[in-house]
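Novice: Can you build the whole structure from these sequences, using the hints too?
Protein chains: 2
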Amino acid sequence: MKVVVNIKLKDLVLDPAGKATQDALCSLDFNVKNVRIGKQIVFDLDKKNEDEARKEVTKMCEELLANTVIEDYEIVL
Amino acid sequence: MKVVVNIKLKDLVLDPAGKATQDALCSLDFNVKNVRIGKQIVFDLDKKNEDEARKEVTKMCEELLANTVIEDYEIVL
Chain D
98 MKVVVNIKLK DLVLDPAGKA TQDALCSLDF NVKNVRIGKQ IVFDLDKKNE
148 DEARKEVTKM CEELLANTVI EDYEIVL
Chain S
98 MKVVVNIKLK DLVLDPAGKA TQDALCSLDF NVKNVRIGKQ IVFDLDKKNE
148 DEARKEVTKM CEELLANTVI EDYEIVL
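Respectively, the protein sequence lines represent chains D and S.
Here my numbering runs 97 ahead of the position in the first sequence, where the first position is 1.
Here my numbering runs 97 ahead of the position in the second sequence, where the first position is 1.
Capping the alpha-carbon separation at 20 Å, the derived lysine to any residue pairs in SDA-like fashion look like this: (1) S:Lys136 x D:Asp141; (2) D:Lys136 x D:Gly115; (3) D:Lys136 x S:Val100; (4) S:Lys144 x S:Val100; (5) D:Lys130 x S:Thr155; (6) S:Lys99 x D:Gln119; (7) D:Lys116 x S:Met98; (8) S:Lys136 x D:Gln119; (9) S:Lys144 x D:Gln119; (10) D:Lys99 x S:Ala121; (11) S:Lys136 x D:Asp120; (12) S:Lys130 x D:Val101; (13) S:Lys145 x S:Thr155; (14) D:Lys99 x S:Glu171; (15) D:Lys136 x S:Lys136; (16) S:Lys105 x D:Val139; (17) S:Lys105 x D:Arg133; (18) S:Lys105 x S:Asn164; (19) D:Lys130 x S:Ile104; (20) S:Lys144 x D:Val129; (21) D:Lys156 x S:Asp120; (22) S:Lys130 x D:Val173.
No lab work stands behind these hints: they were computed from the structure.
Specialist: Right, here's the structure in full:
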């Protein structure tokens with residue numbers, strides 16, 4: 098099963114990389130706002146059942162993939 | 098309009114961060130394969146028309162957001 102995990106900074110956390118990208122885009126005359134940059138982790142998981150897979154991937158996020166103090170994660174199966 | 102750009106390394110490009118994450122997950126007894134890590138850039142674009150927006154975001158990717166030599170990008174409107 099293919100799994101996609103999107104990890105992004107919580108809304109209240111400052112995103113300097115996003116701000117720098119926004120400034121760069123605006124300097125190229127692109128009219129963008131609220132640029133936020135996150136990680137996307139894609140992998141194969143040896144599970145047939147979606148509920149089981151979601152439980153396991155949640156564990157992965159909580160234990161390793163996301164820093165839950167400052168990041169939120171979204172699991173896409 | 099909210100725009101999501103997913104940027105990932107081309108398949109033939111080695112992904113050391115993905116490999117390190119895979120090893121870490123396996124050491125925690127998670128059975129995962131082919132871990133690949135990419136970027137997800139989210140922003141607001143002042144466009145009503147989807148075709149226009151897609152054309153502009155493609156230009157952003159080609160000019161700044163993606164290194165098209167080693168990265169592929171996907172635009173989600």
